[in-house]
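Chemist: Here's the letter readout for the chains.
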Amino acid sequence: MRFVVCIKQVPDAASVRFDPEKGTLIREGVDSIINPFDLNAIEAAVQLKEQVGGEVICISMGPPQAEAALRDALALGVDSAVLLSDRAFAGADTLATTRTLAAGIKKLGGADIVFCGKQAIDGDTAQVGPGLAARLGLNYATCVSELEFKAEENILKVKRAWEEGYDILELKLPALLTVLTCINTPRVPSLKGKLKAKKAKIPVWGTNELGLDASLVGLSGSPTQVVTTCVPKFEAKREILEGEVDDQVNALVERLKEVGIL
Amino acid sequence: MLIIDKDKCTGCGECEEVCAFGAITIKDDTAEVDHDMCTLCGTCVDTCPSGALTIEGKEERGVESDKADWRGVWIVAEYRLGKIFPVTFELLGCARKLADKLDVPLSAVLIGSNIKQFIDELIKYGADRVYVVDHPGLDKFLEQPYSNVLVHLVKEYKPEIILAGATAQGRSYIPAVATMLETGLTADCTELDVRIEDRALLQTRPAFGGNLLATIVCPNHRPQMATIRPHVMKALEPDESRKADVIEVKIDDSLLETSSKVVDSIVEEQTGVDLANADIIITAGRGMECKENLSLVEELAKLLDGAVGATRAVTDAGWLSERHQIGQTGKTVSPKLYIGCGVSGAIQHIVGMKGSDIIVAINKDPDAPIFDVSTYGIVGDVKEVLPKLIDKIKKERGL
Chain G
1 MRFVVCIKQV
11 PDAASVRFDP
21 EKGTLIREGV
31 DSIINPFDLN
41 AIEAAVQLKE
51 QVGGEVICIS
61 MGPPQAEAAL
71 RDALALGVDS
81 AVLLSDRAFA
91 GADTLATTRT
101 LAAGIKKLGG
111 ADIVFCGKQA
121 IDGDTAQVGP
131 GLAARLGLNY
141 ATCVSELEFK
151 AEENILKVKR
161 AWEEGYDILE
171 LKLPALLTVL
181 TCINTPRVPS
191 LKGKLKAKKA
201 KIPVWGTNEL
211 GLDASLVGLS
221 GSPTQVVTTC
231 VPKFEAKREI
241 LEGEVDDQVN
251 ALVERLKEVG
261 IL
Chain E
1 MLIIDKDKCT
11 GCGECEEVCA
21 FGAITIKDDT
31 AEVDHDMCTL
41 CGTCVDTCPS
51 GALTIEGKEE
61 RGVESDKADW
71 RGVWIVAEYR
81 LGKIFPVTFE
91 LLGCARKLAD
101 KLDVPLSAVL
111 IGSNIKQFID
121 ELIKYGADRV
131 YVVDHPGLDK
141 FLEQPYSNVL
151 VHLVKEYKPE
161 IILAGATAQG
171 RSYIPAVATM
181 LETGLTADCT
191 ELDVRIEDRA
201 LLQTRPAFGG
211 NLLATIVCPN
221 HRPQMATIRP
231 HVMKALEPDE
241 SRKADVIEVK
251 IDDSLLETSS
261 KVVDSIVEEQ
271 TGVDLANADI
281 IITAGRGMEC
291 KENLSLVEEL
301 AKLLDGAVGA
311 TRAVTDAGWL
321 SERHQIGQTG
331 KTVSPKLYIG
341 CGVSGAIQHI
351 VGMKGSDIIV
361 AINKDPDAPI
371 FDVSTYGIVG
381 DVKEVLPKLI
391 DKIKKERGL
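For the record, the sequence lines run as chains G and E.
Numbering (our numbering) for the first sequence: 1 to 262.
Numbering (our numbering) for the second sequence: 1 to 399.
Read the hints as simulated data drawn from the structure, not as lab findings.
Be aware that a few hints might be false.
Pairs of lysine-lysine, DSS-like flavour, derived with a Cα cap of 30 Å [to be verified]: (1) E/Lys140 x E/Lys158; (2) E/Lys155 x E/Lys250; (3) E/Lys250 x E/Lys291; (4) G/Lys257 x E/Lys383; (5) E/Lys155 x G/Lys150; (6) E/Lys158 x G/Lys237; (7) E/Lys354 x G/Lys233; (8) G/Lys150 x E/Lys383.
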């Protein structure tokens, strides 16, 4: 069986800060990591391979430095990796991104199951998984918290979370899943894995290798475009309640009583 | 990519100043760009007084024809578990203003089974028209049938704008719909407006984990699609007198074909108040220090009939389930009272709760960013403050 995992290298959002004086994002000292949800996607694919056999291929669309993320994935039990990279892919919105990823998966010969994380922590759209499933004509489920592969029937039985609870779905393969962090605990890379990752060859596929028209990918292929960005401003009273703990608590309770909440 | 015309560039540095991503530097009196840092947002292009900056591939995509055959604003009703969810009315409230500005009807799209009973409410809350697709095969939500039906309606009736809820259901199938229509979709919009000259939908959303607000347009493709989280927009007051027309659409059964199936739908027992409807939310942050200390947060929530929220740090640590998570990767809330206990105020969390009426922060770090967005702040140790707060409230209540 072939399992494909789509991953994204993202800045560690927890450490991205905004410098209000300079008006810029401070990106020095900010690590690039595999998108956290994608770590769970990798783990889910590798666990399934260990259970039923097959191969796990990891792909990522990104700038050249995204290769490091793919090497990290190889250290986690992924069998091989491909980087989809081309200047033409830059500035892509989710529609252009799925076009590129779909072309990559088709070039690999398709997949029995495509694993994605629920969303990337830099874009936060959660659009690539469903969009990719639509392009590849795959059955899919998002926000998957549990999965079970029923080999005899060629069906994935999954628990898919929504606000008030969950659905149990059965998806006939081929299928695509986007996973939550609660689905598993990603393993730590093994020494053997790290050595393998260091030596692995990671091919780079651009528009030529994928047979893609440059006008259909990247910024040119994106129906949406950013027109302005600005720093969010927050209006707030910012009243700090002073004194000892008792004073602070009393002051708070008074204020909440005044507005009728208590 | 960003192209710098060295002949036109005067090295004035306006672009360097305005670039939020630090991608431009002035060297030897000329602007230079680091292409890996540049996100092609175009803010510098607009700022440059000498017109020295262009983005390749972007300048051709200016104000396009107004796509005259695409007209009308649609919202997609959130139907599941046999009812219409509140985000539907919030969408109507937001879309009403857009439709009025564009001088077009506002339509609600109602897809499901046994749903004609909801038509009146959609009209009361702002719809001029309701498209109804009522079919027993649409009783349980599944991605392909719902996507196929919505795509069919769009191709038939050609709306210029579609808004949907950024709920688990919406986030699951609306991106598939946008892809099938080869059009643009912007997720989690916090503000929407229209630009009359080209009828463009101006879609504002947090970017870079919430560190920036980006305004996005979809100039050349229709429909322009956007999702909005619950608790971000406001519903209108119901208008019993509003008249609307109802279009019942019959669909071919082939649209409902799928080799996925829903085996079961489980509503989980809510222990305590549901975050989505809570007027009061007490949120635990990493500053609570350990899972055991969360009992203080839970006790305060119980005392006030409130819900318990969590930051991502808390859910990552496994102290509370993801259901409690508030923020970019969690839920958006707008209660009357939000109390953050040991919450530092990372921007990704703030974007999920800044709509709260009153924000109280308790944190021992006086520089914690949460104090910047708070109504009232207590600099102190949650382990000392919370027990005293609980006692004080109990005394007030005569307990």
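Chemist: All hints, please: hold or fail.
Modeler: Here is how each hint holds up against the structure:
1. E/Lys140 x E/Lys158: Status holds; Cα separation ~26 Å.
2. E/Lys155 x E/Lys250: Satisfied, since the Cα-Cα distance of roughly 14 Å is no more than 30 Å.
3. E/Lys250 x E/Lys291: With a Cα-Cα distance of about 54 Å, the restraint between E/Lys250 and E/Lys291 is violated, given a limit of 30 Å.
4. G/Lys257 x E/Lys383: holds, 23 Å
5. E/Lys155 x G/Lys150: violated, 38 Å
6. E/Lys158 x G/Lys237: With Cα atoms ~46 Å apart, E/Lys158 and G/Lys237 exceed 30 Å; violated.
7. E/Lys354 x G/Lys233: Distance ~11 Å between E/Lys354 and G/Lys233 Cα, so the pair holds.
8. G/Lys150 x E/Lys383: With Cα atoms ~49 Å apart, G/Lys150 and E/Lys383 exceed 30 Å; violated.
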